[in-house]
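Student: Fit chain B to the given chain A structure using the hints.
The residues making up each chain are set out below.
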Amino acid sequence: GAGVSQSPSNKVTEKGKDVELRCDPISGHTALYWYRQRLGQGLEFLIYFQGNSAPDKSGLPSDRFSAERTGESVSTLTIQRTQQEDSAVYLCASSATSGQYNEQFFGPGTRLTVL
Amino acid sequence: AQSVTQLDSQVPVFEEAPVELRCNYSSSVSVYLFWYVQYPNQGLQLLLKYLSGSTLVKGINGFEAEFNKSQTSFHLRKPSVHISDTAEYFCAVTPPSGNKLTFGTGTQLKVEL
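Which chain is which? The protein sequence lines are A and B, in order.
Here the first sequence is numbered in this note's numbering, starting from 1 and rising by one per residue.
Here the second sequence is numbered in this note's numbering, starting from 1 and rising by one per residue.
If you're looking for bench data, these hints aren't it; they were derived computationally from the structure.
Where hints are given, some of them may not hold.
[As the list claims (entries may be wrong)] Which stretches of chain A does chain B cover? Using the computed rule of at least three CB atoms under 8 Å from a CB of chain B, they are:
| # | segment |
| --- | --- |
| 1 | 63 to 72 |
| 2 | 77 to 90 |
| 3 | 104 to 115 |
[As the list claims (entries may be wrong)] Listing some non-contacts, in silico: residues in chain A with all C-beta distances to chain B over 12 Å:
| # | residue |
| --- | --- |
| 4 | 12 |
| 5 | 14 |
| 6 | 16 |
| 7 | 17 |
Quick reminder that beta carbons are idealized off the backbone N, C-alpha and C, glycines included.
So that you can see chain A by itself, here it is in the shape it has in the complex (with noise of 0.2 Å):
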């Protein structure tokens, strides 16, 4: 079946201008992830959803970074303001669901360049 897809996969967007990406995860996994690479670093997470909730939105980084998700499906993580420090690989990941581990699986992310 399908992965995880990401869409756009490229993004360039000039300072101030808000953002939205999305991410479709493999059918029937409840579980929905984001984390930011940004350049030379590792992954951070920003945040998961179980279902449409999200009981951990820890990681994201400022009041400028929210996201939702829609019947338990499509999530979009909005980015209002973006700023140069934004620019990195927003990458999605689903697994079947949370509260014991299950394998995350990833997409193949979106890149954002904020000139």
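Tutor: Relative to chain A, chain B alone:
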């Protein structure tokens, strides 16, 4: 909270030579440990994992790793590398609830002829 240290940012090695990529972690609770591989312009792929049981775990593509609790290490090894192993390798941990992974900064493995 957990943290992961990958001291080697880059590891060059000749084809067919052995390689070891180092990973050390810190955690106040027990954790599960993972190695992921990221090929150029691709997403992360799980290479292997340690959840419990035998401390020597084998993964895909001939890689293996050994969990050492006393040294809080989970080093990745391969006895003979190929050009196709050129990629970035990430060590990660998670508490048994498995809700979020904590990653190291990655090691770029470059296999040369």
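Student: Could you work out which of the previously given hints the structure breaks and list their numbers from low to high?
Tutor: Going through the list in order, the structure violates hints 1, 2 and respects the others.
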